[in-house]
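*Asks:* In order, the protein sequences belong to chains A and B. Be aware that the first sequence starts at 47, since it is given in this note's numbering, and climbs by one per residue. Be aware that the second sequence starts at 285, since it is given in this note's numbering, and climbs by one per residue.
These are calculated hints, taken from the structure and not from any lab test. Worth double-checking, as some hints may not be accurate.
Simulated crosslink set (EDC-like; lysine to aspartate or glutamate; CA at most 16 Å straight-line) [unchecked claim]:
(1) LYS76(A) x ASP419(A)
(2) LYS66(A) x ASP426(B)
(3) LYS295(A) x ASP368(A)
(4) LYS66(A) x GLU457(B)
(5) LYS76(A) x GLU449(B)
Away from chain B, derived, C-beta distances all over 10 Å, residues of chain A [said to hold, decoys possible]:
(6) SER140
(7) TYR241
(8) PRO242
(9) VAL342
Source: prediction; values computed, not measured. Ideal placement from N, C-alpha and C gives every residue a C-beta, glycine not left out.
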Amino acid sequence: MFECLPFEVLLEIFHRLPLKSLIQFRCVSKSCNSLITAFIDSSLTRSHSDSNKLIVRYLDVKTHVERYKLIHEDSDNNDSLSEQIQDLEFPLRSRCDYFQLVGSVNGLFCLYEENRFILWNPYIRKYITLPNPSVTGLFPCYLALGFDSRNNDYKVVRIAYQLVKIRSLGAKPPLVEVYSVREGSWRITSGGDSYPPKITISNWPHQAASLNGAVYFPANDWGEAQSSVVLSFDLGDEVFRVISLPNGKFKLDARIGTSVFKGLLSLICYEHRHMGEYYMCSVKSCSVWVMKEYGVVDSWTKQFTIDLDMQYWKVLGFWKNDHMLVQKMQLHGSMLFSYDPESQQVNNLGFYRSTCYSYSYADNYVENLVLLDKPNDVISKKKVSNKRKCR
Amino acid sequence: MASSSTSVVVSNKEKENKNTKKVTLKSSDGESFEVDESVAMESQTIKHIIEDGCANNEIPLPNVTSGILSRVIEYCKKHKEAAGESEPSVTSYTSNSTTNPLTEWDTEFVKVDQNTLFDLILAANYLDIKGLLDLTCKTVADMMKGKTPQEIRETFHIKNDYTPEEEAEVRKENQWAFE
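Okay, chain A solo, but in the shape it has when bound:
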């Protein structure tokens, strides 16, 4: 009966079913199993940038472990804000307090400690541990999580520098390894061949942005430009490219984070009261720049600047396309609020008790089914049989 329905109609039916029903449906027959696999595949690209839900990661005040909360903003009902915040269970225990966050894309999180990588999908409460990368024991290593739109695949990028003196001539290019969720394995790429000389990725702590099938790192050009730049790595052709920034506006080691604003590549730039300071207490203002036309340096435009007249704040990114998410750090916890640059309205999203002045992370909560068809970690590792990968 179901076979006679066109796929887009099946999608309509499946979208109306709770997750567990969909998975149970796999057990009905082989063709039902294939249908669910196809459905998962088709849902991988769905991203809800207009989602009303936010997932926030922070460090717990007493135990210093990471915690996650889900905030549901109901614009009609600002009174019951406390009911709209719920704790999200985090299934893992880090060997040392908390994992490093590589990033999140479309609801999928990548976490890391020592040489252990985890991909976690909070929506379906599923995580997988990645096999060890082959490149180990080298110097500084930069990580990113991105979505390869051309191949409908989530990828983790690991850039390992082989020598410290990358700024000098003759320095060896980094080794670039990529993990693909589809393949289920790491692969060393020839990315290093296209790595531009005298460029180092910034050490300013921030997650790389993922957009249009590439990941974007804030970086420093120690060559002729002697300024900050954006270094992109395309997940499709696995090539590095440099995106220049407006002349003279961004010195070396500028405090820049890459992000996505209204679907465009953007920069979040902090200006500090005093030169050379890293601490959040000295943040004077923050401006958001947007590359209106991809690849055109002249199209970098300063969208707006915020001067929040308070100490200890950080921009976590953007929500609902263009609302700014700001974390205000206080002694016993943090306050989260969203700022609409157009209406200049500030919306309080709640307070949570967190470790003194620790950075939080926030992203859209997306109902993505990625990892659904991967074997659970609890089951002993065995080869995934081909028949389940019907495509």
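Please arrange chain B on chain A, whose structure you already have, making use of the hints.
*Replies:* Using the frame of chain A, we list chain B on its own:
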């Protein structure tokens, strides 16, 4: 009609009389149905045919049998009427009712045998009638919810082509969904 101080009904009967342009729809088994153009245009597919000026006298619908087409037309008529009876800013429902009266009608409408239901889905998809597609898909989804795989096989007459070993393996891999 029971009177209620908060209910308002706006009659658009005058509007209806002005616009009684008709169009003929022909089913796959050769039956012709004459309907108001405005009702037929509930279907985006038909709407485009008319707007493109390809309507002529009859619109052939080779993918829809007469039995299904008559039901689809019934759905479109009912929903067009309901839409026509209310102004955008004025509700035509009494404040006492918690359900949209159309919801009850819709529920009765989909109380049909499975073959008819699936044919309605296919017709709604082909004719691009969003409301009908939503309604029929939701009905099927509701039929699936809460049923075990065996119950689903029985309800939808799906043959189990797993061997017992294969079935056990699939079940084990997806055990979390059964808890």
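*Asks:* All hints are to be evaluated individually against the structure, with a verdict given for each.
*Replies:* So, going through the hints one by one against the coordinates:
no.: 1; hint: LYS76(A) x ASP419(A); in the structure: holds (15 Å)
no.: 2; hint: LYS66(A) x ASP426(B); in the structure: holds (14 Å)
no.: 3; hint: LYS295(A) x ASP368(A); in the structure: violated (23 Å)
no.: 4; hint: LYS66(A) x GLU457(B); in the structure: holds (13 Å)
no.: 5; hint: LYS76(A) x GLU449(B); in the structure: holds (13 Å)
no.: 6; hint: SER140; in the structure: holds (23 Å)
no.: 7; hint: TYR241; in the structure: holds (41 Å)
no.: 8; hint: PRO242; in the structure: holds (45 Å)
no.: 9; hint: VAL342; in the structure: holds (38 Å)
Against the hints set out earlier in the document, a violation occurs for number 3 only.
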